[in-house]
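With the hints as your guide, set chain L onto chain V.
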Amino acid sequence: MKAIAKQIRLDMQRFSGAGRTWVGVLIFMSVPLIGILLNLVMALTGNDGEDARTALTGAVTSMGIGLLVGLVFGMFVDFNSTAIRLNGLLPITRDHQVFGRYAAVILLVLVQSCGYAIFFFYATDTFLHGQDHWRDTVLFALGLFLLESLLFAVATPLFYWLEPVKAMIVFLALLGLVPIMALIGSLLPVDWGTFWNSIVRFLTSDLWRPVLLGLALILAVDMVSIVLSRKVYARKEI
Amino acid sequence: MCASPPMTTSVEGADYALRVSDLGKSYVKADGTGFRLQQVTMDLPMGYIMGLIGPNGAGKSTLIRLLLNMTRRDSGEISILGRDPLNQEEEVKADLGVVFDSIYFLETWKVKAVEPVMAPMYPSWNSDRYQDYLRRFGLQENRKIGKLSRGMQMKLMLAVALSHDARLLILDEPTSGLDVLARDELMDILLDYIGDGRHSVLFSTHITADLERVADFVTYINRGSVFYTGPKDELMEAFQIVRGGPDDLAREQMPHLMGLQRSATGFEALVPTEHLKDFLASAFPAAVEPSEDRYLVERADFDNIIRLTAGSPAAADRNKEVES
Chain V
1 MKAIAKQIRL DMQRFSGAGR TWVGVLIFMS VPLIGILLNL VMALTGNDGE
51 DARTALTGAV TSMGIGLLVG LVFGMFVDFN STAIRLNGLL PITRDHQVFG
101 RYAAVILLVL VQSCGYAIFF FYATDTFLHG QDHWRDTVLF ALGLFLLESL
151 LFAVATPLFY WLEPVKAMIV FLALLGLVPI MALIGSLLPV DWGTFWNSIV
201 RFLTSDLWRP VLLGLALILA VDMVSIVLSR KVYARKEI
Chain L
1 MCASPPMTTS VEGADYALRV SDLGKSYVKA DGTGFRLQQV TMDLPMGYIM
51 GLIGPNGAGK STLIRLLLNM TRRDSGEISI LGRDPLNQEE EVKADLGVVF
101 DSIYFLETWK VKAVEPVMAP MYPSWNSDRY QDYLRRFGLQ ENRKIGKLSR
151 GMQMKLMLAV ALSHDARLLI LDEPTSGLDV LARDELMDIL LDYIGDGRHS
201 VLFSTHITAD LERVADFVTY INRGSVFYTG PKDELMEAFQ IVRGGPDDLA
251 REQMPHLMGL QRSATGFEAL VPTEHLKDFL ASAFPAAVEP SEDRYLVERA
301 DFDNIIRLTA GSPAAADRNK EVES
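Just so you know, the sequences run in chain order V and L.
For the first sequence, the working numbering gives the first residue as 1, with consecutive numbering after it.
For the second sequence, the working numbering gives the first residue as 1, with consecutive numbering after it.
Treat the hints as calculated values from the structure; they're not laboratory data.
Positions of the beta carbon are idealized from the N, C-alpha and C atoms, including for glycine.
Possibly wrong hints are sitting among the right ones.
[Said to hold, decoys possible] Here are some of the chain L residues that sit facing chain V, going by a computed Cβ distance under 8 Å: (1) 28; (2) 68; (3) 69; (4) 70; (5) 73; (6) 74; (7) 94; (8) 98; (9) 100; (10) 103; (11) 104; (12) 105; (13) 106; (14) 117.
Next up, chain V with everything else stripped away, as it sits in the complex:
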């Protein structure tokens, strides 16, 4: 555990670029904080209609995902230079380096999701058009937590395997497959509207369902991702 804690701290320092853990956390928390501030400004100036709040929610969500990509890049920035050798001399095994990195990001995303929950709770009560404001807030925060965790789980083995720039290209190419698959899916003789509605109804009928399913999904995806990352990193010459 000590070694994993050391790695978490080291990754925070790498991400912040200045050797200070709290700076890394602050950078990652900045997006929901900015969202809360902007929401406050919008409310004070009377520009807080539903469209404006929806646009703000979309912008803040996109910024959060962008920051996650930046976080991954920041944590692997040493893989592009001789600084990667620091990983070879520190008293942290490669396995613990991988565990620590996943733990660091999950913690950050968790903290950020809490920030998003606060932002969402205050920014909008109609975004999901639900009856229960608390439920909508939990679903929104969970959705972002799930999305960011999934993106990280897909990206990380690539970054352990390839140079950062190549890994990013492959990652973006994989993301590019999503609309292509959606396009192909739309051509299939399936009533997607009914299909998605039934899934959304199933997930939102009780709050415990999406929460448990979401956490189980994250756990399963992270497990697979960690196994892949460990395998790739164990073979890497540093």
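Below, chain L alone, put in the same frame as chain V:
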């Protein structure tokens, strides 16, 4: 690949800082050619300095990377401070100080970012000692690491390595960017460091003058194999340089030499001390005693040994002969 059996000398009853036996590693380089580090065996007793020498590409850095688990070994055993670095990696690395030939911190960091990163990694980190070294080396905390000169970057790595009471220092070409004064200072630090008999140093270098001053042991790697490992003085006494005119080398003398370099003005041969008499006796006409007129015989230094065993075809032939 050529490989002669390593000349080894063991130190009986000693505690070892480092023991390597039959270590092997093969890989394909970026240019597509293969490289093989084979059957590397060496021992560094506690409290001594060992120099790792050899020409560029001989396998020195590969060996150091293998010691640090930065690359996976194909075969062999490594014991560092009595522990297996594969199974007890964290304990082993907590006791290691490492200096590479180039900086291992992000160049965008400032010097002052290093201590907050490194101190939590080592339970025995001594902040006062680290600050002392920064002052002693003239390292300014507000400077970016990437803006430091090669020598100052090396000093920063050295300050880190010396600030957590590492029992074994592993230095990969630490002197290559340093001027004479800085090299001299580093050698003083290393001698001081091993003074209590609990600390040891392994350092690779191609500036062999440094070794002649401080090293107790030497491991010479040539073309992926250990050519010699043991006390420095034994290696230096094991070979003689014989110089002569262009027509002074007879075919009968060739089996007695280890390396040869010819030029228009004569030849230079590396001859094992134990073969020197036979070498001279095989001359035509025989020259039982070295003669100033005909041969000049002197003790070989590291540079001569490396130069005449690494590059010359005669050394390769000789090695093949020994191999067969």
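Status of each hint after checking the structure:
1. A cut of 8 Å between beta carbons decides the hint on residue 28/L: the least distance to chain V is about 12 Å, and the hint is violated.
2. The beta carbon of residue 68/L is positioned within 8 Å of a beta carbon in chain V (closest approach about 5 Å), and the interface hint is therefore held.
3. Satisfaction of the interface hint for residue 69/L is found here, the shortest Cβ-Cβ separation to chain V being roughly 7 Å, below the 8 Å cut-off.
4. The interface hint given for residue 70/L holds, since its Cβ lies 4 Å from the closest Cβ of chain V, which is under the 8 Å cut-off.
5. Among the interface hints, the one on residue 73/L is violated; its C-beta lies about 12 Å from the nearest C-beta in chain V, farther than the 8 Å criterion.
6. Hint status for residue 74/L relative to chain V: violated, with the closest Cβ pair at about 13 Å, above 8 Å.
7. Against a cut-off of 8 Å between C-beta atoms, the interface hint on residue 94/L holds, since the closest Cβ of chain V lies about 4 Å away.
8. Because the closest C-beta pair between residue 98/L and chain V is about 4 Å apart, less than 8 Å, the hint holds.
9. Given hint, residue 100/L at the interface with chain V, holds; its Cβ is 6 Å from that chain's nearest Cβ, closer than 8 Å.
10. At its closest, the beta carbon of residue 103/L sits 7 Å from a beta carbon of chain V; the interface hint therefore holds under the 8 Å criterion.
11. This hint holds: residue 104/L has a C-beta 4 Å from the nearest C-beta of chain V, less than the 8 Å allowed.
12. Below 8 Å, beta-carbon pairs count as interface contacts, and residue 105/L has one with chain V at about 6 Å; its hint therefore holds.
13. Interface restraint check: residue 106/L against chain V, minimum CB-CB distance 5 Å, threshold 8 Å, status holds.
14. For residue 117/L, the suggested interface contact is upheld, since its CB lies about 5 Å from the closest CB of chain V, less than 8 Å.
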